[in-house]
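Asks: Below, each chain spelled out in residue letters.
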Amino acid sequence: MQRFLDPAVLAGISSLDLLAKTVVDGFVAGLHRSPDFGFSQEFAEYRAYVPGDDLRHVDWNLFARTERCYLKRYRGETNSQVTVLLDASNSMRYTSGPPPKMDYARFVAASILYLAIHNQRDAAGLIVFDDEIREYIRPSRRQGQLSRLFAGLENAEPRARTDFGRPLEHFQALLHRRGIAIVISDFYEDPETIVRTIEPLRFHGNDVVLFHILDPQEIRPEMKGPSILVDLETGKEIEVIPEYTKTTYRAKIQTHIEQLRSRIRAAGMDYHLLVTDQPLDDALREYLSLRKAGN
Amino acid sequence: MGFLAPWFLGGLAALGIPVFVHLLRKHVTTPRPVSSLMFFERGIQSSTRHKRLRYLLLFALRSALVLLVALAFSDPFVRRPATDVNGRLLLIVLDNSFSMRAGTRFADAKQQALTVLAAKPGPQKAQVVALGGQFEILTQPITDKAQLRAALESIQAGDGHANFGELGRSIRAMAETIKTPIDLHLFSDMQRTAMPANFADMVFPPNTKLLLHSIAKGTALPNWTIERVTAPTELSDPKDPKTSRVQAVIAGFGTPRTEKTVSLVVGGKTIATRKVTVPADGHATAEFAPVDVGYGFNRCEVRIEGSDGFPADDASIFVIRRSDPERVLFVHASNDSRSAQYFGAALAATGQASFALQSVIPEQTTDLDPSKYAFVVLSDAAALPSIFEHTLTQYIARGGSVLITLGTNVGRRARIPLWGADVKDVREYALTAGAATISQVDFTHPAVEQEQPTRDNGGWAEAKFFYAATVDPIIHSRVIARLNDDTPLLIDKQVGEGHILLFTSGFDNLTNDLPLHPIFVVFVDKTARYLSHQERLTGSQLVDSFVELRSGAEPVGAIATVEVIDPTGHRPLSLSEARTVQTFQLRRTGFYQVRFANGRDAVIGVNPDRRESDLQAMPVDIQQLWSGNAGEPVQTTTLAADDVKYRRVSLSWYVMLFALAVAVTESVIASGYMGTQREEA
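Protein chains in written order, with my numbering: chain A, 1 to 295; chain B, 296 to 976.
Since the hints were made in silico from the structure, they are not lab data.
Ideal placement from N, C-alpha and C gives every residue a C-beta, glycine not left out.
This list has only true hints and no planted wrong ones.
Listed next, with one range per pair, are the computed distances between beta-carbon atoms:
id, chain 1, residue 1, chain 2, residue 2, range
1, A, Leu273, B, Pro326, 23 to 31 Å
2, B, Pro326, A, Ala160, 17 to 25 Å
3, A, Ala160, B, Leu307, 52 to 60 Å
4, B, Thr325, A, Asp163, 26 to 34 Å
My request is simple: use the sequences and hints to build the entire structure.
Replies: Here it is in structure tokens:
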């Protein structure tokens, strides 16, 4: 089943619906627990009646047998609201091999949305942004929501550049109900700025998870000769030598990742680095762990 | 081609291409996109230095490649001494044929050969060959100059006839084993008569370079020679004008019409002289008759008086043996007297040898000793006394010869004396087809030998045969003639040292009409000479001809030794050779004394091949064609010596190999750059 989570395999699947179903079913089949994770009308325990309790919950059958009043308690329905914030800036277009970062981000988003709606019966929504909010699909569990979300993902072609500052206000306005906010981006920004921009979401009671999407060549770039590098977002060119990429660059990107991870966790959010040659199950597992925690 | 060759200069201009590509043309690099330049820093200075270093290597390789290709087109070479020419064999061939005795030809040729040998570089291998009557290799390919010089100086003017066809064949055979190139220096008078009939026989293999050193200068001097001498080998009656005469043919080469005096010398004494007028470049005949010679072997000589361009060929030697007529025993059936008459008449008609026929009937042979006869004829003698038959058997084994004819008597008895097989059948053609004729004759056999037989089977086809016995050929026998129904007519069988000649019909003019035909006289003459072994005792032979000392069959009884004494009085055969050798080559002019295995003695006069007397050289254009330098003068000794000293060694092949190596290196380095660009794309 693991091979169905392999990004290289998923890159060959054109339909996001099918892709998400393949990923989630494969992922769920790998778990040792039922996909029905107790959100139905499931009996939990009996509790002795105390004055003030709602009589509708008294188990009259038990009362008839024992002449004692007990309340029948169920596991409550904990439907949550999941909102995926997808970065669709030009930097997400980069790839050193299939899939591109943008596609990988789509896979992650589609899998989480499918898992949320189809398996967890959560309300799911989508925000596609770059330097502004390009698309917003309100979280919902209605019929056809999944199709709308996938259509939104399909239309999220990379363009422009990332600017966390400008769409932030809209995030706060849109995410007024507590739930799970999943931010998917390559986070080419100062960690302080990123945390400062996203942290307010946490103040509304959201569980915020940052999925940091990076290509393997962005972590360990390999160059055989001096090259001219072009910034995909700004178009700026500089000449770089291989010695720099082997030493200084790698140190800088590692520092960036570490700072980002520590700052985000310090702010009470979760951070996960997803490299595009790794399977998707890390992202799904993170979502389910959050979901299990009670959201 | 040299360094000013147009191709080379054009190639030099092509050097501008890599200069333009590397130094003048702006380098284009495909930019490589990245997500963000946030963590990158500019590194121009070190990058540029690195690029220059690597591209300069590529530039150097490309420039070298163009330069090397241009250099290869200019065909560069180095001038190296011949010592470095991979063991090119110097083959010195010195003509020592008889014609080289004319004037100072041989001395000049040897001196030129020594000069070429002296110019030979030390490490180069050389080989010395003498070309006389045969291709005689005197040394192996060696570098020792002293040994080569000794071999060259040991060559003496010979008496043989040079043949350039033989030289070509020998060199072709040598080239099959010696793979190194050969520089063949031929020192010869380039006699026209040394050329073979087919020019292709003279052609050398491709790895052989012929350098001719013609000794003959200008036109050949006039030369007269004794071209041919006709003289009896056996003479019994010196006063018989029919046999006692010597005819000499005098030939002139490049001569005007002149009168020459010809002498006949016998035993060192001039016994007769004749004056003959020889036409310009023509022939004349001088005849000496009668010839009065003493008993035994007479060493004779016909000599042209007066000097000419080539005195060595002014005499021709031969031997006349005077003896009483040899007797021939003719045993015939009592009812057959005609055979002896016909055979005796034919034998008497021959002029070359003298035989006396003794005719007897079988009953009279009891006390006869066959060894006293030159040969024995059994004419239709079906029944012989057993003691005589036994004596004949021993006589044949020791070298005697018998002619057997099968007349009508044999048909009644079926057994053939001495032959070892019976008559299988008799053919009486008179009762069936009328007459049979001779259809096949082996003209190579001495008994019927003819050099150019006429169309009527050399005269044999005229004879009609009415009766013949059928005898199957047996081992050691050779069918010489057959009738038209394939019946063997004449069979030769070797027994020990002797021969039995079987004629399956008769000589009585009843079983056939052969005795009435002229060919019968010729047949009897040749058969008599063959059976009496006189064909081996011919008084005159040519140099390099062979004489058969013993028959090829297994010896019977004690092994007989042969003996040969050459003109200088030496015995060229060792004791072991004297017991085993079958033939001997007469290599020198003069008188050889020979004792054959059958005990007979002979003295043989040996003359050089008269083709050597024609001193005219082959045309210059033929020499040029032969040496592969058509249209150019024949190389002189000086040029040849220079060519031995130095040789051009072309470097084009090595330059191209080096260019290939550079091209491969350039491809590897350039593909490294291209690989980086693909990643960038």
